[in-house]
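A.B. asks: Chain B: place on chain A using the hints.
Line by line, the protein sequences give chains A and B.
7 is the number of the first residue of the first sequence in this note's numbering; add one for each residue after it.
7 is the number of the first residue of the second sequence in this note's numbering; add one for each residue after it.
Treat the hints as calculated values from the structure; they're not laboratory data.
You may find that some hints are simply not true.
Between beta-carbon pairs, the in silico distance windows are [claimed, not checked]:
1) B:Trp219 to A:Ile81: 28 to 34 Å
2) A:Lys228 to B:Asn163: 28 to 34 Å
3) B:Gln61 to A:Lys228: 55 to 61 Å
4) B:Asn163 to A:Arg225: 24 to 30 Å
5) B:Gly210 to A:Gln218: 39 to 45 Å
6) B:Asp114 to A:Ala137: 27 to 33 Å
7) B:Gly210 to A:Leu179: 43 to 49 Å
Coverage of chain A stretches by chain B, computed from C-beta distances (three or more under 8 Å per stretch; other residues unrestricted) [stated by the list, open to error]:
8) 73-84
9) 156-164
For every residue, glycine included, the Cβ atom is placed at its ideal position computed from N, Cα and C.
2 protein chains.
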Amino acid sequence: MNSTERVPVVEKILDANDQVANLNRKRFDQAGVFAINVMASPGSGKTSLILQTIQKLAPEMVIGVVEGDTAPVTIDADKVIAAGMPAVQINTGGDCHLDAVMLSYGLDQLDLDQIDLLIVENVGNLICPAAFQLGTHASVLVASVPEGDDKPYKYPNIYRGLEVLLINKIDLLPYVRFNMDYFRQGVEMLNPGLITFPVSCYTGEGIEDWAQWVLQQVRSRKA
Amino acid sequence: MNSTERVPVVEKILDANDQVANLNRKRFDQAGVFAINVMASPGSGKTSLILQTIQKLAPEMVIGVVEGDTAPVTIDADKVIAAGMPAVQINTGGDCHLDAVMLSYGLDQLDLDQIDLLIVENVGNLICPAAFQLGTHASVLVASVPEGDDKPYKYPNIYRGLEVLLINKIDLLPYVRFNMDYFRQGVEMLNPGLITFPVSCYTGEGIEDWAQWVLQQVRSRKA
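Excised from the complex, chain A in its bound form (with noise of 0.2 Å):
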């Protein structure tokens, strides 16, 4: 008899952070909330992008947004409440990143059946971020021209696991060096076939096909 047969092997164990990602989620599904987790550098748009979707589709939805800080202001958070939509901030007291447990406790300030879509604005990160799954159906990630276009080569496990990449900022491209098929290049070789909105947050361009983007799943939940 093989030693290792009398020996209980368990597989796939799921760290503490996966665990309680899991349970967020199932805390969407019963709810019926699409929840998506928006990452970016600092100052890519995250906060205009959502000020923009919310605008766009608030007469179809409620839309509440967790904002994850490193410091206790409430910038972002002020904006989304004086859009008309339910915020909470969460303050990660330093750290470079949300967790599902932080989640879960801004998850708690909110009454998740009055909402229809959940966006997570994660810290401004490119790195820590991309580690730490939330429980949402889509993490997101909000690029920017001026940021240049080798971004998917330096930082690449972050577009690894996207669902959806926008492509910021798009009006300052006549003022830059960023070179549109290089950067892409960089992505479909780390994502292929990855669902891209160039957009500009500043002029409304390329919003409302993210917009659209963003109705169908919501609906698709729902039906």
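C.D. replies: Okay, now just chain B, sitting in the frame of chain A:
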């Protein structure tokens, strides 16, 4: 006799990182090297600043560069070497910052006695790099105009520890919403009197003033 008198009390214990940072500092000082730690968000223009600095100061000195990257890509180090200066790349293996130990291994690959100025390009991240001393003489942040004017309010820790701030991409001021007064008020609150250079690595504006500051620091180590 008070029992506390008999207990040896060791205060100000340095953690391992700070101990190695002190050793790095000694290596710089023994070799007469002025060393700076350049931090920023992804795509703020750290590498462009380094290349502009090399272009301005190359006739005066040898500039060594240590490039911190989360992925094994040598895009930035290749540019420095193409500019005629010695460069080493440190791949953090996904980590979101450089620490003093990583830098010490990078220094082993350079002949510090042949170098006047050492520039460490940290990983693009506004959070974690601020928590790790490297032993460099000055912490420098490259902020950039398209990132927005609220960054000091949202990422205060990194601003508190700076010796110098560069505000890059000022050529984009006409095309984005960026209130310079609001930005500078935030900085002043966190780090009063911080030496600040508004620059454009694209047009070259302001680079001369920054380069003169660097030149003074380098000369003062040699005197």
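A.B. asks: Against each hint, give a clear statement of whether it holds in the structure.
C.D. replies: Going through the hints against the structure:
In this structure, B:Trp219 and A:Ile81 meet the distance hint of 28 to 34 Å, their C-beta atoms being roughly 32 Å apart. Range check, A:Lys228 to B:Asn163: about 42 Å between beta-carbon atoms, so the 28 to 34 Å window is missed. Taking 55 to 61 Å as the suggested C-beta distance range, the pair B:Gln61 and A:Lys228 conforms, at roughly 58 Å. In this structure the hint that B:Asn163 and A:Arg225 lie 24 to 30 Å apart at CB is violated, the actual value being about 42 Å.
For B:Gly210 paired with A:Gln218, a C-beta distance near 43 Å keeps the hint of 39 to 45 Å intact. Restraint check, B:Asp114 to A:Ala137: a C-beta distance of roughly 29 Å satisfies the suggested window 27 to 33 Å. The hint said 43 to 49 Å for the Cβ distance between B:Gly210 and A:Leu179, and at roughly 21 Å that hint is violated. Figure legend: the stretch 73-84 of chain A, annotated as covered by chain B; annotation consistent (5 residues with Cβ-Cβ distances under 8 Å, at least 3 required).
Using a Cβ-Cβ cut-off of 8 Å, 7 residues of the stretch 156-164 of chain A lie near chain B, which meets the minimum of three, so the contact claim holds.
Figure legend: structure checked against the earlier numbered hints; hints not met, in rising order: 2, 4, 7.
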